[in-house]
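2 protein chains.
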Amino acid sequence: MTTRIWTAALAVIGDEILSGRTQDKNVAQIASWLNVQGIRLAEVRIVPDRTDAIVEAVNALRARNDYLFTTGGIGPTHDDITVDAIAEALGVDVVFHPKAVAVLERYYETRGGFTEARKRMARVPKGADLIENRMSGAPGIRFGNVFIMAGVPHITAGMLDALTGTLEGGLPVLSKTIGCWVGESEVAELLRAVEKSHAGVAIGSYPFFRDGRTGANFVVRATDAELLERCIVDLTREIEATGRTVVAGGI
Amino acid sequence: MTTRIWTAALAVIGDEILSGRTQDKNVAQIASWLNVQGIRLAEVRIVPDRTDAIVEAVNALRARNDYLFTTGGIGPTHDDITVDAIAEALGVDVVFHPKAVAVLERYYETRGGFTEARKRMARVPKGADLIENRMSGAPGIRFGNVFIMAGVPHITAGMLDALTGTLEGGLPVLSKTIGCWVGESEVAELLRAVEKSHAGVAIGSYPFFRDGRTGANFVVRATDAELLERCIVDLTREIEATGRTVVAGGI
Numbered sequence: 190m191t192t193r194i195w196t197a198a199l200a201v202i203g204d205e206i207l208s209g210r211t212q213d214k215n216v217a218q219i220a221s222w223l224n225v226q227g228i229r230l231a232e233v234r235i236v237p238d239r240t241d242a243i244v245e246a247v248n249a250l251r252a253r254n255d256y257l258f259t260t261g262g263i264g265p266t267h268d269d270i271t272v273d274a275i276a277e278a279l280g281v282d283v284v285f286h287p288k289a290v291a292v293l294e295r296y297y298e299t300r301g302g303f304t305e306a307r308k309r310m311a312r313v314p315k316g317a318d319l320i321e322n323r324m325s326g327a328p329g330i331r332f333g334n335v336f337i338m339a340g341v342p343h344i345t346a347g348m349l350d351a352l353t354g355t356l357e358g359g360l361p362v363l364s365k366t367i368g369c370w371v372g373e374s375e376v377a378e379l380l381r382a383v384e385k386s387h388a389g390v391a392i393g394s395y396p397f398f399r400d401g402r403t404g405a406n407f408v409v410r411a412t413d414a415e416l417l418e419r420c421i422v423d424l425t426r427e428i429e430a431t432g433r434t435v436v437a438g439g440i
Numbered sequence: 190m191t192t193r194i195w196t197a198a199l200a201v202i203g204d205e206i207l208s209g210r211t212q213d214k215n216v217a218q219i220a221s222w223l224n225v226q227g228i229r230l231a232e233v234r235i236v237p238d239r240t241d242a243i244v245e246a247v248n249a250l251r252a253r254n255d256y257l258f259t260t261g262g263i264g265p266t267h268d269d270i271t272v273d274a275i276a277e278a279l280g281v282d283v284v285f286h287p288k289a290v291a292v293l294e295r296y297y298e299t300r301g302g303f304t305e306a307r308k309r310m311a312r313v314p315k316g317a318d319l320i321e322n323r324m325s326g327a328p329g330i331r332f333g334n335v336f337i338m339a340g341v342p343h344i345t346a347g348m349l350d351a352l353t354g355t356l357e358g359g360l361p362v363l364s365k366t367i368g369c370w371v372g373e374s375e376v377a378e379l380l381r382a383v384e385k386s387h388a389g390v391a392i393g394s395y396p397f398f399r400d401g402r403t404g405a406n407f408v409v410r411a412t413d414a415e416l417l418e419r420c421i422v423d424l425t426r427e428i429e430a431t432g433r434t435v436v437a438g439g440i
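Protein chains in written order, with our numbering: chain D, 190 to 440; chain W, 190 to 440.
Be aware that a few hints might be false.
Since copy identity is lost for identical chains, a pair holds within one copy or between any two.
Unchecked claim - Here are the computed lysine-lysine pairs in the DSS-like style, where the Cα-Cα straight-line distance is at most 25 Å: (1) K365 / K214; (2) K385 / K308; (3) K214 / K308; (4) K365 / K385; (5) K315 / K214; (6) K315 / K288; (7) K288 / K308; (8) K365 / K315; (9) K385 / K214; (10) K288 / K385; (11) K214 / K288; (12) K365 / K308.
Hint data in this document are derived by calculation from the structure and do not stem from the laboratory.
These figures come from a predicted structure and were not determined experimentally.
Generate the whole structure from the sequences, applying the supplied hints.
Printed below as a string of C-alpha cells:
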C-alpha cells in the first residue's frame with residue numbers, strides 16, 4: 190500500500206534564536222505534533238526579524254509543502270514584523286480582524302486596557318482566520334496553508350492543541366527504538382543490510398557516550414505497523430547474533 | 190564607523206531533528222561561538238538525510254554567506270551521507286584523506302580495529318582539510334568556506350574549540366540585557382522610540398510568564414560598546430520614568 194505523504198515546513202522567525210540567546214523548543218514540539226497528525230516535518234528555516242528574509246522563506250516553503258507553520262514575531266513590539274512580512278509574501282493587505290479585536294479588547298479589559306501597541310496583535314493578512322490562543326490574549330492566524338503561531342513555546346502548544354485533528358494528513362509515521370552498548374561502526378553493515386531488506390522502513394543510528402561507554406540507539410520508522418514490527422524483530426535478531434544484548438525501547 | 194558584517198549560515202542535517210526525536214543544541218552553540226569570532230549567524234536550515242535536500246541547502250547557503258557550517262551525518266552508518274552530498278554540491282570527488290586514515294587507524298587500534306565501516310569516516314570531498322576532533326576519532330572537514338562538523342553537540346564543541354581564532358571576522362556583536370516586570374505591550378512605543386533614536390542598535394523584546402506574573406527582558410545589541418551603554422542607560426531611564434523598576438542583567 191502506498192499512500193500520499195503530507196509534508197509541512199516550519200519557519201522559525203527571530204533574532205533571539207540566531208544570536209544563541211534563546212534555545213528553540215518549537216522545532217521539536219511542532220515536529221512531534223505534526224507526526225501525530227500524519228504530517229511529516231520536511232524542512233525548517235530559521236530566519237532573522239527582517240522582512241526580506243521572512244518573505245523569501247515563506248514563499249519558498251509554502252509552495253512546496255502542504256502546510257507552512259511559522260513561529261515568532263506576532264507580539265506587540267517594534268521587532269514583531271511577522272504579520273506584515275507574511276502579508277507581503279502573500280500579496281495581501283494587513284487589516285484588523287474584528288474577532289481578534291473583540292478577543293483582545295475583552296482580554297485587556299482587566300489588564301490595563303486595549304492600547305495602541307496591543308491593537309497591533311489584532312492585525313492579520315486580509316482574508317485570514319484566527320487560531321485560538323488558550324494561554325494568553327493574542328490569537329494565532331491561519332491563511333490558506335500558512336499557520337502563524339506564537340514564539341513562546343507554551344503558547345504555541347495551546348495553539349497546536351486548538352488545531353489538533355483539523356488538518357488533513359496521511360498515515361502517521363510510527364517508530365520503534367532499540368538500543369545496544371555497541372559502537373555504531375561495529376554494526377554499520379548490518380544496519381544497512383536490514384534496512385535494504387525491508388522496503389519502506391528507515392533506520393536511524395544515534396550514537397552516544399555515557400558513563401565512559403559507547404552505545405547507540407537504532408530508530409526504525411515506517412507507516413506500516415506490521416512492517417515496522419518485522420524489521421525490529423529482524424534487526425534485534427541480527428544484532429544479538431553478534432553476541433550483543435539488545436535493549437527494547439532504547440537505552 | 191561602519192565595518193563589514195561577516196555572516197555564516199548553518200545547515201543542520203538529520204531526520205532525528207525533523208522527527209522531533211532529538212532536541213537540537215547546535216544552533217545555539219554555534220551561534221554563540223560565531224558571535225565571539227565576530228561572525229553573525231544569518232540563517233539556518235534543517236534538512237533531512239536526503240542528498241537532494243542537502244545539496245540544495247549547501248549551495249544556496251554557501252553562495253550568500255562568508256561561511257557555511259553543517260552539523261550531522263558524518264558517522265560510519267548508512268544514514269551518514271553528508272560527505273557525499275556536500276562533495277556533489279561542490280562538484281568534486283570523494284577521496285580518502287591520508288591524515289584522517291592515519292588518525293582513525295591509530296584511534297581504533299585499541300578499539301576493535303579499523304573496519305570498513307570506520308574507514309567511511311576518513312572520506313572527504315577531494316581537496317578538503319581536516320578539523321581536529323579532540324573528543325573522539327573522526328575529524329571534521331573544511332573545504333573552502335564550508336565547515337563540516339559532527340552532530341553530537343559535545344564533539345561539535347571540541348571542533349569549534351579547534352577553530353577558535355582561525356576565521357576572519359568583524360567586530361563581535363555586543364549585547365546587554367535589562368528586565369522588568371511589565372507586559373511588553375505596555376512599553377512597546379517606548380522601545381520603538383529608544384531604538385530609533387540610537388542608530389546602530391537593535392532592541393529585542395522577550396516576554397515571559399513566571400510565577401503567575403508577566404515580565405519581559407529587553408536585549409540591546411550593537412558592535413559599538415559606548416553606543417550600547419548609552420542606549421541601555423536611556424532605555425532604563427525611560428522605563429523607570431513610567432514608575433517601574435528595571436533589573437540590570439535581566440530577570
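These are the hints, each one checked on the structure:
Taking the closest pair of Cα atoms, K365 and K214 come within 25 Å of each other both inside a single copy (23 Å) and across two copies (23 Å). Only between protomers do K385 and K308 lie at most 25 Å apart by alpha-carbon distance; the minimum there is 21 Å, versus 56 Å within a single protomer. Within a single copy, K214 and K308 get their C-alpha atoms no closer than 27 Å, and across copies no closer than 36 Å, so neither meets the 25 Å cut-off. Taking the closest pair of Cα atoms, K365 and K385 come within 25 Å of each other only inside a single copy of the chain (17 Å); across copies the shortest separation is 53 Å, beyond that limit.
Taking the closest pair of Cα atoms, K315 and K214 never come within 25 Å of each other, the shortest separation being 29 Å inside a single copy and 37 Å across copies. In the homo-oligomer, the alpha carbons of K315 and K288 lie at most 25 Å apart inside one protomer (13 Å), although the nearest pairing across protomers, at 60 Å, exceeds that limit. For the identical chains of this complex, K288 and K308 are intra-copy neighbours only, at 12 Å inside a copy versus 62 Å across copies, given an alpha-carbon limit of 25 Å. Taking the shortest Cα distances, K365 and K315 never come within 25 Å of each other, neither inside one copy (44 Å) nor across copies (38 Å).
In the homo-oligomer, the alpha carbons of K385 and K214 never lie at most 25 Å apart, since the shortest distance is 34 Å inside one protomer and 31 Å across protomers. For a Cα distance limit of 25 Å, the shortest separation of K288 from K385 qualifies neither inside one copy, at 53 Å, nor across copies, at 32 Å. Proximity of K214 and K288 under a CA criterion of 25 Å is satisfied in neither setting, with 29 Å inside one chain copy and 39 Å between copies. Within a single copy, K365 and K308 get their C-alpha atoms no closer than 47 Å, and across copies no closer than 29 Å, so neither meets the 25 Å cut-off.
Going down the numbered hints, you'll see the structure goes against 3, 5, 8, 9, 10, 11, 12, while the others check out.
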